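Asker: The residues making up each chain are set out below.
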Amino acid sequence: MAQKKMGLQTVKFVNPPSIISSGTIVGPKEGQGPLKDYFDVILTDDTYGEKSWEKAECKMFQDSVNLALKKASLNINDIDYLIGGDLLNQIITSSFAARQFNVPTFGLYGACSTMAEGLSIGSMLIDGGFADYVIVTTSSHFSTAERQYRFPLEQGVQRPFTAQWTVTGSGSSLLSSTGSGPYITHVTTGKVVDLGMKDANNMGAAMAPAAADTIITHFNDTGFTINDYDLIITGDMARVGKSILMELLNKDGLNIEDKYKDCGIEIYDESQDVHSGGSGAGCSAVVLNGWLLSQIKNGTFNRVLFIATGALLSPTSTQQGESIPGIAHAVTISRYT
Amino acid sequence: MDYIRAFVVGGLICVIAQILMDKTKLTPARILVLYVTIGAILGGFGIYKKLIDFGGAGATVPLLGFGNSLAQGAIKAVKKDGIIGAFTGGLTATAGGISAAVFFGYLFSIIFNPKTKK
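Chains W and D are the protein sequences, given in the same order. The first sequence finishes on residue 337 if you use my numbering, and the numbering steps up by one all the way, no holes. The second sequence finishes on residue 118 if you use my numbering, and the numbering steps up by one all the way, no holes.
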């Protein structure tokens with residue numbers, strides 16, 4: 001009998017893990033956005049002195065891990081598990097970055113939902129008594145993702161207004177069995193939902209049904225209401241997806257408008273010409289580990305529902321005309337246990 | 001007056017492509033292929049020649065003009081060499097443009113590195 005399971009898809013932790021530190025590193029464009037003061041490192045050059053963007057992303061991944069470790073005065077040898085994920089084929093960023101660390105590693109692929117997926121699994125490892133310290137890291141890079149999923153950058157293709165801008169950045173959360181918060185108290189693991197959307201330039205619409213499904217399930221499973229949360233924040237629905245999600249939730253009688261934000265909208269200013277907003281595995285990671293955790297620590301928000309959403313397409317599936325399955329994982333992050 | 005005519009013809013061709021990009025789900029690559037094909041068809045029926053007579057470079061420079069050259073080259077070679085010309089004529093007529101594209105593409109890939117969009 002799974003004693004910590006609650007309802008259909010939710011786990012409630014008995015000893016909620018603490019996010020004891022975090023690390024963030026972002027590219028130049030993110031460093032000009034409204035959240036610039038909350039990031040640890042802002043690059044002036046998105047190649048980060050490397051010969052390829054892929055190498056640059058790998059270096060950013062390593063740096064965000066090291067930043068989180070340093071802030072907690074820990075060494076990589078203190079870590080029981082590294083859980084990493086990114087957007088590149090065969091998650092090469094995470095695996096190549098982990099070569100340096102010599103630490104037990106789980107590689108995850110949940111597209112842009114990977115940060116919440118990693119926090120969920122990391123928290124289960126800790127509350128299950130399998131680990132004391134787990135570091136969860138994800139990354140993405142505009143130029144590596146763009147050329148893998150869409151077109152070569154040299155082609156200079158015009159982007160439609162529904163398109164999102166992949167965030168260049170990497171964020172790490174260091175989870176611990178002991179600590180003074182913020183705590184991860186509940187996680188709701190999402191189902192893959194596919195309503196047949198096919199446009200890789202409109203991923204918000206593809207992900208919105210999955211996000212709505214997970215949010216509704218979370219409230220049903222936990223018995224929480226909107227009033228139990230100070231903020232509900234999605235990973236990268238962006239403007240197009242945000243309005244679709246609110247519409248879907250309204251149909252189920254759930255009005256989250258007053259408490260709802262989206263990492264993909266928060267990270268850029270409208271004047272930055274990113275069209276619908278930000279996206280990528282690094283988007284929710286840097287917004288969570290940069291801005292959001294600091295706001296929970298200082299009491300602006302006491303309890304937050306963090307829902308990272310992923311569009312589970314591949315370049316091959318797009319070329320073969322497949323629709324885009326979506327997924328969303330929800331994590332309750334609370335100032336108090 | 002030649003300039004204005006070239007500007008109007010070239011501009012209209014590009015406006016149609018822009019509308020296709022904004023209003024349909026067609027990818028840029030498909031629009032390019034579509035333009036070459038339409039150019040070849042119009043060229044084959046001799047319609048595109050009228051557009052070139054009116055608009056000059058406004059009609060030859062866009063991709064429709066490339067399709068037209070393919071068709072004209074093929075027709076010319078068929079008249080000269082028979083049916084085999086349908087396979088050789090198109091590329092012969094456009095060899096200059098294709099070789100230049102390969103050469104300059106290679107040259108510039110050596111000189112410059114790609115950069116992230118601002």
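Treat the hints with caution; some may be incorrect.
Said to hold, decoys possible - Across the chosen pairs, the derived CB separations fall in these ranges:
(1) W/N302 to D/T24: 32 to 40 Å
(2) W/G7 to D/T37: 52 to 60 Å
(3) W/Q319 to D/V61: 47 to 55 Å
What the hints assert, rightly or not - Here are the simulated DSS-like cross-link-like pairs (lysine-lysine), alpha carbons at most 27 Å apart as the crow flies:
(4) D/K23 to W/K198
(5) W/K36 to D/K23
(6) D/K23 to W/K51
(7) W/K36 to W/K4
(8) W/K71 to W/K297
Simulated from the structure, these hints should not be mistaken for laboratory data. Note that this is a predicted model, so its numbers are computed, not measured. Where is the CB? At the ideal position from N, CA and C, for every residue including glycine.
Asker: State for each hint whether it applies.
Answerer: Comparing the hints with the structure gives:
Between W/N302 and D/T24 the C-beta distance comes to about 48 Å, which lies outside the given range of 32 to 40 Å. A hinted range of 52 to 60 Å for the beta carbons of W/G7 and D/T37 is consistent with their spacing of about 56 Å. A C-beta distance of roughly 31 Å is found between W/Q319 and D/V61, which places it outside the suggested range of 47 to 55 Å. The straight-line distance between the Cα atoms of D/K23 and W/K198 is roughly 16 Å, inside the 27 Å bound, and the hint therefore holds.
Proposed proximity of W/K36 and D/K23 is contradicted: the alpha carbons are some 35 Å apart, above 27 Å. For the suggested pair D/K23 and W/K51, the alpha carbons sit about 38 Å apart, so the restraint of at most 27 Å is broken. Annotation: proposed proximity of W/K36 to W/K4 is violated, straight-line Cα distance about 38 Å (limit 27 Å). A threshold of 27 Å between alpha carbons decides the hint, and for W/K71 with W/K297 the separation of about 15 Å falls inside it, so the pair holds.
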